[in-house]
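Let the hints inform the model, and build the full structure from the sequences given.
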Amino acid sequence: MRLEAVSKSYLHRGRMVTALDDASLEIAAGDFVAVVGPSGSGKSTLLLVLGGMLSPSTGQVFLNGRSLYDLSPNARADMRRKKIGFVFQTFNLVPYLTALENVQIPLFLAGLDEAIQEQRATALLERVGLGDRLDHKPPELSIGQQQRVALARVLANDPEIILADEPTGNLDPETGQQILDLLAEMNREGRTVVMVTHDPRAAARAKRTLRLQAGRITPTTN
Amino acid sequence: MHLRKLVWREMFERKNQLATSFLAILLGIAVVVSIKNITFYSEKAVARQLDALGANVLVLPKSVSLEDYYSADMQNDEFPEEYVQRLALSDLQGLDNLSPKLSVPVKLKDRGFTLTGILPKSEFQAKAMWAGAGIFSRPAEGCGTVADVPGAFRPEAKETLVRQRVIEDLSDAEVLIGADVAAILGTKEGDGLDVLGRTFTVTAVLPQTGTVDDSRIFAHLHAVQELAGKGPVINAIEIVGCCKEISGGLVQKINKLLPDAKVVTVTQVVDTQVKTNGMMARLSLIFLAIIVLVGGASIANYMYANVFERRREIGTLMALGAGSAVILKMFLLKALLLGLAGGIGGYVLGTVLAVALGPRLAGIPVLPMPVLVLWAIGISVAIALAASYLPARRAARLDPCATLQEM
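So the sequences go chain by chain: L and P.
So the first sequence is numbered by this note's numbering: it starts at 1 and just counts up by one.
So the second sequence is numbered by this note's numbering: it starts at 1001 and just counts up by one.
Since the hints were derived computationally from the structure, they do not count as laboratory data.
Predicted model, so just to flag it, every value in this text is computed and none were measured.
The reader is advised that the hints may include incorrect statements.
As the list claims (entries may be wrong) - DSBU-like cross-link-like pairs, simulated, lysine-lysine; straight-line CA separation at most 35 Å:
#, chain 1, residue 1, chain 2, residue 2
1, L, K137, P, K1005
2, L, K82, P, K1015
3, L, K82, P, K1005
4, P, K1107, P, K1062
5, P, K1329, L, K137
6, L, K83, P, K1329
7, L, K82, P, K1329
8, P, K1005, L, K83
9, P, K1015, L, K137
Claimed, not checked - Across the chosen pairs, the derived CB separations fall in these ranges:
#, chain 1, residue 1, chain 2, residue 2, range
10, P, E1013, L, E185, 31 to 39 Å
11, L, N74, P, E1013, 27 to 35 Å
12, L, Q60, P, R1393, 25 to 33 Å
13, P, A1382, L, G30, 51 to 59 Å
What the hints assert, rightly or not - The following residues of chain L were derived to be distant from chain P, with all beta-carbon distances above 12 Å:
#, residue
14, E4
15, M16
16, G30
17, D70
18, A123
19, R133
20, S142
21, I143
22, G144
23, E174
24, A184
25, P200
Note that CB positions come from ideal geometry on N, CA and C, so glycine has one too.
Encoded structure:
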């Protein structure tokens, strides 16, 4: 994954805001990167740009050597479905679907047979320790369990890259650790993990940390 | 998981919000189905009454008045029988039954009667004959086209049967006689009857009708023409015309086709029917416009609110790899299900209303019309899809970033 001189500016209440400023970055396959920085420094913008969700004002983003934003929106959606998994701070589970059905969504979008969807989703939920909560809807699960369902959903299509936005932001320290353990495990399996966080302990679990300050990237630690 | 399940689960989860839109479309469709159902049976009932009354358009010689026709229908003026062919071969719509006649006065036992020449089938089953001959095109439905309607008014069966059987077999040597003729002459079925020097066999005595027909002797048209020595002429063509076409200028069109004849219509009966049918049709259109507006606006409003409420979910699906087509389908499928449910429910409710209220409102028995279910579903689905298209397109074009505000 590579960013080349990416800038992202937008108008906010008549004022031009620069979220990313000439950011260049290379993330190797299998890396585990923590992105830290104060609120409004452009961390989430960076994650969205990397995930093919937000086109930069200038510069280019490459994924496996292909320029992401030269693809059509639907082709980018395809790319996300096959290669990228998002983890959200508020989990973004579909509230009217069960845990099993939530995990099935990426598999349904990939056009897999329903029996295979169910089999794979069950295995993934068992892997995150929720084998006994398959038929529970999100409001019937604890916060930590909801985030684990979200992690199982991320893994459904076996993505190469996981982009996590404050994955422990809403969790108590113990549950947060469990989630970080799972992310580390995914990284050990060879997946690239990019994690935005405010939490120094979470950042410490990454192989390297990038600091964002007013939209500019400064590498800090390894 | 598949799209149908996703849509169905969401609808079920938020069923209370859906209820208003569903009710709007359900009630709208129910009212229109109900009106259409009652109108159909009302039209059929009036058509039967019109049919029982007989012809509503008459083609007469120029010098004859309608009054003359009804008093005795005997005149010296005639016109060529070829006029019937001219009408049959024309492309005029709305002619349902053509009955050419030639009436001449006869004296039997010093009493005056009317000898009326008819073309057997054309007198009572002309429409079948013309349609069968394949030379006459008519609209499938008309006020004069009377299909059998179960439970609706029906002429007395015995009378119809007697007439149809006899007329089918009427030959040059046979006559049918009216009830008065039979009573005065003391003639019964199977007897011989001398008319203008020829002996005919009485094949049937027609039931009492209370009209001039009771003093008529019906014989084959060509036999009457021969006996009267008048050649291939007739002095009236009775037509059962469709009311819609009559009001649309059928009389003028026949006049144009037969400039040497006089075309008159029983306007009072026709006008009433046309007015009733027109009123029901307008009422149906008004309600259709109301459901399009109210139902459509309600669904569109609900869909826009639904898209707004679900924007985070839409953003999440997009982040998980859903393209715009999936999002569009998700909302249109929901509209389709809403339309289907509204159409089927509206048909059931409308039919129940029509069957229950029809006899009270229109004084006629009303039966369910299964064909209306297709109409109800078609309209309902079309309204739901049309009203949902813009909200669905908006959902498909949502910026996933804007929807995932916390990122």
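Verification of the hints:
no.	hint	in the structure
1	L/K137 <-> P/K1005	holds, 15 Å
2	L/K82 <-> P/K1015	holds, 34 Å
3	L/K82 <-> P/K1005	holds, 23 Å
4	P/K1107 <-> P/K1062	holds, 27 Å
5	P/K1329 <-> L/K137	holds, 24 Å
6	L/K83 <-> P/K1329	holds, 24 Å
7	L/K82 <-> P/K1329	holds, 21 Å
8	P/K1005 <-> L/K83	holds, 26 Å
9	P/K1015 <-> L/K137	holds, 17 Å
10	P/E1013 <-> L/E185: 31 to 39 Å	holds, 33 Å
11	L/N74 <-> P/E1013: 27 to 35 Å	holds, 28 Å
12	L/Q60 <-> P/R1393: 25 to 33 Å	holds, 30 Å
13	P/A1382 <-> L/G30: 51 to 59 Å	holds, 54 Å
14	E4	holds, 21 Å
15	M16	holds, 18 Å
16	G30	holds, 22 Å
17	D70	holds, 17 Å
18	A123	holds, 15 Å
19	R133	holds, 17 Å
20	S142	holds, 20 Å
21	I143	holds, 15 Å
22	G144	holds, 18 Å
23	E174	holds, 23 Å
24	A184	holds, 22 Å
25	P200	holds, 21 Å
Every hint from the earlier list agrees with this structure, and none is contradicted.
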